[in-house]
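One letter stands for each residue in the lines below.
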Amino acid sequence: MSAVFVEDLTMRYRGHTALDGVGLEFQENSIHGLLGRNGAGKTTLMRILTGQEFATSGRVEVFGQPPRENSAVLSRVCFIRESLKYPTNFKVREALAAAAIACDAWDAAFAERLVRDFALPAHRPLKKLSRGQLSAVGIIIGLASRAPLTLFDEPYLGLDAVARQVFYDRLLEDFAEHPRTIVLSTHLIDEVADLLEHVVLIDAGRVVIDADADELRGQAVSVAGSAEAVSAYAQGVAPLHRSELAGRLRVALPRRPARPADGVSVEPLSLQDLIVFSTSQGDRK
Amino acid sequence: MDDGRPLFQQIAEQIEGAILDGSLAADGQVPSTNELAAFHRINPATAAKGINQLVTDGILYKKRGIGMFVATDARERVLERRREAFGRDFVKPLLVEARRLGLSAEDVKKLIEKGGQE
Chain L
1 MSAVFVEDLT MRYRGHTALD GVGLEFQENS IHGLLGRNGA GKTTLMRILT GQEFATSGRV
61 EVFGQPPREN SAVLSRVCFI RESLKYPTNF KVREALAAAA IACDAWDAAF AERLVRDFAL
121 PAHRPLKKLS RGQLSAVGII IGLASRAPLT LFDEPYLGLD AVARQVFYDR LLEDFAEHPR
181 TIVLSTHLID EVADLLEHVV LIDAGRVVID ADADELRGQA VSVAGSAEAV SAYAQGVAPL
241 HRSELAGRLR VALPRRPARP ADGVSVEPLS LQDLIVFSTS QGDRK
Chain P
1001 MDDGRPLFQQ IAEQIEGAIL DGSLAADGQV PSTNELAAFH RINPATAAKG INQLVTDGIL
1061 YKKRGIGMFV ATDARERVLE RRREAFGRDF VKPLLVEARR LGLSAEDVKK LIEKGGQE
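Chains as they are written, first to last, in the numbering used here: chain L, 1 to 285; chain P, 1001 to 1118.
Just so you know, the hints here were simulated from the structure itself, not pulled from any lab data.
Among the clues, some could well be false.
Which chain L residues face chain P? A few, computed with CB under 10 Å, are given here [said to hold, decoys possible]:
no.: 1; residue: E28
no.: 2; residue: N29
no.: 3; residue: D214
no.: 4; residue: S231
Here are some chain P residues the structure puts well away from chain L; computed CB gaps all over 10 Å [as the list claims (entries may be wrong)]:
no.: 5; residue: P1006
no.: 6; residue: L1007
no.: 7; residue: L1020
no.: 8; residue: I1042
no.: 9; residue: N1043
no.: 10; residue: P1044
no.: 11; residue: R1077
no.: 12; residue: R1082
no.: 13; residue: R1083
no.: 14; residue: F1086
no.: 15; residue: A1098
no.: 16; residue: E1106
no.: 17; residue: I1112
The beta-carbon is built from N, C-alpha and C at its ideal position, and this holds for glycine as well.
Next comes chain P alone, as it looks inside the complex (with noise of 0.2 Å):
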C-alpha cells in the first residue's frame, strides 16, 4: 500500500479497479475482510471500513452469513464516479501546470492530439 492516504480508501479503490477491470463480476463474491487484511497486511477493522464504505455507496452488497457481493450496476456506479472525478483530478492538475510552463489551452489540445497519434 502506498504511504500516505488512509488505507481504507485505497482498499475501497482496488475493489473498485478490480470491478472496472471485469476481475469482479456483477454479483460475485468479494474477498473477505480477513482475507484483504491477510493480503495487504493491513488492520482487518480498515479492511472492513473500506468495505462498508463500497456498501454504503452501494457498489457491494451483503448477504448475510455468505460474505459482500459485487452489485449489479455496480461497474457502471464507478465509472460515473470515476468521470466525474477525471477532471478535478486530471484535467486541473494538468492546466495548473501547463499555465506554470506558458502553455494555453488551446497548446494543450493541440498536444492531447498529437499524443492520440503516438
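Only chain L is shown next, with the shape it has when bound in the complex (with noise of 0.2 Å):
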C-alpha cells in the first residue's frame, strides 16, 4: 500500500510553476530519496504533502486521504525542515516535551538516548545552540516521532561528517526495528545512497526519474574508449552525458546497451553521477 499517492500536481505562484504534473507513489515502510537540485520543487511537494500549502490543481493523497485540513492524516505526519523554528526560549528538553505532546507514537527513551548520542545540552535555551546542534534536535524529534511518515527537508546543515553518520545508523537501526514510510530530501546523494529503497528525482518541477535505488545502480553506465568504438557500443541508447579528448570519448548511459562491450571499457555509474547528469545543468533562479 502506498502511503502517499499523488497525480498531475501542479502548483504555480505567479508567473513560476513549482511542479508540473507531478505524479508519484511512496511505498509504506520503505525508505525514498527525494533528490533534486535547489528549486526543483522538493520543498514545495514536501508542504503539499503536509497540508502546509493547496496544490494548484491535482490529486494528493497521504494514507489515503486529501492530507489539507486533515488532522486524522496530518497526526500521522512528521516534517522535518531545513531551518526549523522552535520558541526560542524553550529548553532542548521542552522541546522535546512539546514535541512529545505532538506525536502519538513518540518514543521518550530513544529520545534521550539520541540527546547523548548528539551530545546535546539539554537544558541550554534553543537560541544558544549551535546551527549543528539546532540541526541535531530536529532530526531527533524526526526519529523518535515514529511517525509512520517521517519527512527530513535537507535535515543537516551545521552538522559534521561524524554527526551525520550518528544519524544515518540511528536511523537504519530504528527503520529495522519500526518500518515506516521515510522521505529523505537531501544533496549528500553520495551519503544517502545506501540507505535509500526507491528515488525520486525531480528536475525543475518535474520528475526524471522514478525508480528502485538498487536497479538504478546497476542500471547506468560509463563507458570510455575510442570515439569510434564507443559510439558503435553505445548506438541506438541517447547518452545523459559526453566528453571527448584526444580522440577518446566518455559517454554516460543511462543503461547498458545489448551488445558485447568491445574495445570500450564499462564502469557502473555512481547515484550521485546519475543524477548529476540526470538534472538540467547551469543556475537557476
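Put the complex together from the two separate chains, hints included.
Listed below in C-alpha cells is the structure:
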C-alpha cells in the first residue's frame, strides 16, 4: 500500500510553476530519497504533502486521504524542515517535551538516547545552540516521533560528518525495528545512496527519475574508449553526458546497451553521477 | 560497499565469499537482514534481497522463526558457479588485453607458467 499518492500535481505561483504535473507514489514502510537541485520543487511538494500549502491542481493522498486540513492524516505525519523554527526560549528538553505531546508514537527513551548520541546540552535554551545542534534537535524529533510518515528536508545544516553518520546509523537501526515511511530530501546523495530503497528525482518541477535505488545503481554506466568504438557500442542509447579528448570519448548511458563491449571500458555510474547527469545544468533562480 | 554494482548482488557475493573461505560453515546461521543492513550501512530491504537471491539459488535455506542457514552443499554450488564464471570474468578480459598488446595465446600461456614460479 502507498503512504503517499500524487497524480498530475501542479503548483503555480505568480509567474512561476514550482511543480508541473508531478505523479509519484511512496510505498509504505520504505525509505525514499527525494532528490533534486535547489528550487527543483522538493520542498513545495513536501509542504503540500503535509498540508502546509494547497496545490493549484492535481490529486494528493496521504494514507489514502487528502492531507489538506485533515487532522486524522496530519497526526501521523512528521515534517522536519531545513531551518525549523522553535520558540527560542525553550530549552532542548522542553522542545522535546512539546514534540512528545504532538506525536502519538513518541518514544521518550529513544529521544533521550539520541540526545546523548548527539551530545546535546539538554538544559540549554535553543537560542544558544549552534546551527548543527539545532539541526540535531530536528533530527531527534524526526526519529523519536516514529511518525508513520516522516519527511526530512535537508535536515543537517551545520552537522559535521560524524554527527551525520550518527543520524544514518540510528535511522537504519530504528527503521529495522519500527518500519515506517521515511522521505529523505538531500543534496548529499553519495552519503545516503545506500540507505534508500526508492529514488525520485525532481528537476524543474517534473519527475525525471522514479526507480528502485538498487536497480538504478546497476543500470547506468560510464563508457570510455576510442570515439569510434564508444559510438558503435552506445548506438541507439541516448547519452546523458559526453566528453571527448584527443580521440577518446566518454559517455554516460542510462542503461547498458545489449551488445558486447568491444574495445571499450564499461563502468557502473554512481547514483550521484547519474543524478548530476540527469539534472538540467546551469544556474536557476 | 563499492560504488556502482547493485548492493543486493554485493551482499550475496560477500556471503558466498564467506561460505567459500569457510567463515560460514554448512548448516551455520547467517547474519540477519537487520544485522547485515546495520553492518554495511544499507537499506534493510536491499540486504533482504541479497539474502533472498541466495535462497532462490539454493545456497541458503530458511528455518521459520529462527533465521537463514547455509545449505549443506552450498560451498560446492558456489564453487561450481564461480568456476563457470571464471572464463568469462577473468580469462576473456585477459585475452582481450593480450590481443591489444600483440601477445599471442601462447605468450600468455608462458606468462602464466612463469607467474606460477614466482
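Evaluated hints:
no. : hint  : verdict
1   : E28   : violated (12 Å)
2   : N29   : holds (9 Å)
3   : D214  : holds (5 Å)
4   : S231  : violated (19 Å)
5   : P1006 : violated (4 Å)
6   : L1007 : violated (5 Å)
7   : L1020 : holds (23 Å)
8   : I1042 : violated (4 Å)
9   : N1043 : violated (5 Å)
10  : P1044 : violated (5 Å)
11  : R1077 : holds (23 Å)
12  : R1082 : holds (20 Å)
13  : R1083 : holds (22 Å)
14  : F1086 : holds (18 Å)
15  : A1098 : holds (14 Å)
16  : E1106 : holds (23 Å)
17  : I1112 : holds (23 Å)
Checked against the numbered hints above, the structure violates hints 1, 4, 5, 6, 8, 9, 10; every other hint is satisfied.
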